[in-house]
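Q: Please put together the full structure from these sequences, using the hints given.
Here the protein sequences line up with chains A and B, keeping their order. Residue numbers for the first sequence follow my numbering, so the first one is 1312 and each next one is one higher. Residue numbers for the second sequence follow my numbering, so the first one is 68 and each next one is one higher.
Since the hints were made in silico from the structure, they are not lab data. Just so we're clear, the structure is a prediction, and the values are computed from it rather than from any experiment. The reader is advised that the hints may include incorrect statements.
Once the Cα atoms are required to be at most 20 Å apart in a straight line, the calculated SDA-like pairs of lysine to any residue come out as [as the list claims (entries may be wrong)]:
#1 B:K396 - A:V1581
#2 A:K1437 - B:Q433
#3 B:K437 - A:P1438
#4 A:K1437 - B:E365
#5 B:K437 - A:N1433
#6 B:K396 - A:E1539
#7 B:K366 - A:R1343
#8 A:K1437 - B:D434
#9 A:K1606 - B:R407
#10 A:K1606 - B:S416
#11 B:K427 - A:R1343
#12 A:K1437 - B:L428
#13 B:K437 - A:D1368
#14 B:K437 - A:L1441
#15 A:K1437 - B:A441
#16 A:K1437 - B:S432
#17 B:K437 - A:E1442
#18 B:K396 - A:P1576
#19 B:K362 - A:R1369
#20 A:K1580 - B:K396
#21 B:K147 - B:P325
#22 A:K1580 - B:S432
#23 B:K366 - A:E1439
#24 A:K1580 - B:S401
#25 A:K1606 - B:R415
#26 B:K427 - A:M1366
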Amino acid sequence: MSPDTNPATPGREAEKAAAAIKVAYWPGCVSRGFTPELHGSMELTAEALGIEMVMLDRASCCGAGVIAEHNQELADSLNARTFALAQQTDLPMMNICSTCQGAQSECQERLDADAGYRDQINGALKPEGLEYVKSKDGWTNKNFLWLLVEDYGLDRLAEQVKRPLSGLRVGPFYGCYVLRPKGRLGYEEHPDRDLYLERVIRTLGGEVVDYDGARRCCGFPVITMNRETSLRQAGTHVADAIDAGADCLVTPCPLCHLNLDMQQPEAAKVVGRDLGLAVLHLPQLVGLALGFDPKQLGMPKHIASTLAVDDRVAALA
Amino acid sequence: MAEYTLKVRRYQPELEDGRADGAYWEEFDVELDPTLSVLDGILQAKNDQDGSIAVRCSCRAAICGSCGVKINGQSTLACKTQLGEAAEEAARIAEADAGATNGHPATHPGTPGGAAEDVARQVSTARPVIVVEPMANMPVIKDLVTDMEATHWEKYRRVSPWLMPTGPEPEREHIVPPESMVDVTQSVACIQCGACVSACLSMEADPDFIGPAALAKAYRFIGDPRDGQQEERLYDLANDPHGIYDCTHCFSCIDACPKGVAPMDQIMRLRRIAGHEHGIEDVNNGHSHEAAFVKIIEKKGTLDESLLLQESFAPGIKGKLMPTKRAIKGLLESIPTAIRGIRTGKMRSLPKLIPGVHHKLPGDSQDRVKEIYARAEESRTELNLYIIGEGGEEEGAPGGEHVPAGAIVPEPDEPKELA
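A: In structure tokens, the structure reads:
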């Protein structure tokens, strides 16, 4: 799977064109809010990979579990509307946020479970001429991480790598919403979704750092409610990754990014030690291996300095 | 029959001979049918190889809740996990550590504890090693036996786990319509095994968190129509800083529970009832955070993070309500973070800086979202998947007259169509 062993051949170009990937793209709120570098790096990376994205600009927030906590039918209706907008394009949907994935999968599970309930929700979409259709032509909604491994393919990704991230020690950080509960996140069909980040890191030429926090909670959902609990979670995971020798973390979730990166100086105070570990969005890590500069990928916008990563990558070029 | 290797976390307090507080790993090879349980494996090792292995068990049928342990990092019951599937899972997750560049002990999905310090060997041997550890978030008494008092039973008692009816005693039994009990059946299924407590990632960071088992039990009584203390119970649990708003929404308890109780879902029900039905403002600003979030999406369609921060801590700061001291503290605490964000360019634009400047959805989409709000806020249907099950698909009658099985519709009348 090493990029070196997969030289692009003329035949592969035709193959690549045949397998063009086009998706209805839901960037979510945070990727255009407090982590604008995520949406930006996704657009760059997608173009370089040959993934065509049709932006769902009329879609609303997924509710992040908070709207469902307030009123399940409301969350289900808003997400049914987003699914219907995506289905209208006849394209599978792609998100770039673990939290969107989890919140939307939760709503989709209820929508798919009962035809009567689905009819009731679709009634709310009728004025807009929209309808959510259960498993319409095998329609799916996948996080970029899942799409990259399951549809794009790691072999094809390896062929695209222009700058293998040799020696870069990367700690995976998944985000709860793409891990649990397994029952509604497609693990029956794709049991290894909790191993994809490791596979992507290795495909990009990087080294996987094994540390305690990879599949734990970043603490973000309670940052405004129990700051101490929240920051202790973030700080502990960052500290564990540093102790395990990580150069950076990588996450497919911008909300995890907020707690691990934006709140890192505050988390450092709670755990009582210096931190200072770069946290990359998944498209940024992919983008680095595709040859983009850290600046193009918006890495200077991060709170935890990415300079150590920048230097390592520059040395590879 | 097949051979399995169990790698058991031992702790013999009487041993403390320099081996890290008497804790160490020990492997046992057992030979059993793959459909037999990990508990059967442990008991065979105890019977044939080392009688000193301590494990708590009784029914061996996932009813008594005694044999809670962690298997391959996942909190569960030893009697409910088959040896064959545990070996397969051990082989599968070994990949995460294979070729890892550090010798750091790793854990796998969801749960605490150091499980795989010699994974390299695990990967290279033909037979995967099933890792068995005591539950987390509680002290270990000996080997796989934990002390559940402080983090489980004490918290369980904390929520007054008994019915507190008000009004005159009925002459005979309380009579309730069966459908009013539908929603509590899921929490009734709890067997107090502690697997969810072991898996709880909030409790890992905040040992005072009341926790998934006790809060699920709280819902069992709060959702019971015979109980007369609903509001008092909710007020208490919302205003404990380690109560319902201390759950970090990580879903670990849902995957750990061997009985499908989904404790986190019950905690969300508690929040929903506390906030919506009783309007309880809590000490953690949980309800104002939720209310602010819901309102912002109605007005803007996507999240205005600055406005969310302001409104979570100080709803109606522009003159309606006086924010509490704690809320002002919360708002102030977020300022250094905001300044750092402005400095790096993360928030260097007006819509990101000034609460309320955030754009709406394009075209008439925002109006459509508002209509969806109006409709859903009136109807508030809850689909209970525990009752209808995943295979509960039934084609609804055309015309939308069908009320989903398991749907909890608060009003007796059908959801109304939009005018």
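Q: Would you mind confirming whether the straight-line C-alpha gap from K1437 of chain A to L428 of chain B stays at or under 20 Å?
A: holds, 18 Å
Q: Could you grab the alpha-carbon distance between K427 of chain B and M1366 of chain A and see if it respects the 20 Å cut-off?
A: Roughly 16 Å separates the two Cα atoms, so the pair holds.
Q: Decide if the proposed pair is consistent with the structure: K437 of chain B and P1438 of chain A, CA atoms, cutoff 20 Å inclusive.
A: Between K437 of chain B and P1438 of chain A the Cα gap is close to 12 Å, so the pair holds against 20 Å.
Q: Please work out if K437 of chain B and E1442 of chain A have their alpha carbons no farther apart than 20 Å.
A: Satisfied, since the Cα-Cα distance of roughly 17 Å is no more than 20 Å.
Q: Do the alpha carbons of K366 of chain B and E1439 of chain A lie within 20 Å of each other, as the hint requires?
A: It holds: about 18 Å lies between the C-alpha atoms, which stays within 20 Å.
Q: Run the distance test for K396 of chain B versus P1576 of chain A: straight-line Cα separation, threshold 20 Å.
A: The given pair, whose Cα atoms are some 18 Å apart, holds under the 20 Å limit.
Q: Within a Cα-Cα threshold of 20 Å, do K437 of chain B and L1441 of chain A meet the stated pairing?
A: Distance of about 15 Å is within 20 Å: holds.
Q: Does S432 of chain B sit within 20 Å of K1437 of chain A, going by the straight-line distance between their CA atoms?
A: holds, 13 Å
Q: Tell me if the straight-line CA distance from K1606 of chain A to S416 of chain B falls inside 20 Å.
A: Roughly 18 Å separates the two Cα atoms, so the pair holds.
Q: Has the given pair, K1437 of chain A with Q433 of chain B, been kept, meaning a C-alpha gap of at most 20 Å?
A: Cα-Cα ~15 Å, so holds.
Q: Taken at face value, is the distance from the CA of K396 of chain B to the CA of K1580 of chain A at most 20 Å?
A: holds, 17 Å
Q: Verify the proposed pairing of K437 of chain B with D1368 of chain A, using a straight-line Cα cut of 20 Å.
A: Given pair K437 of chain B, D1368 of chain A holds - Cα atoms ~17 Å apart, limit 20 Å.
Going through the hint list in order, the structure does not satisfy hint 22, though it satisfies all others.
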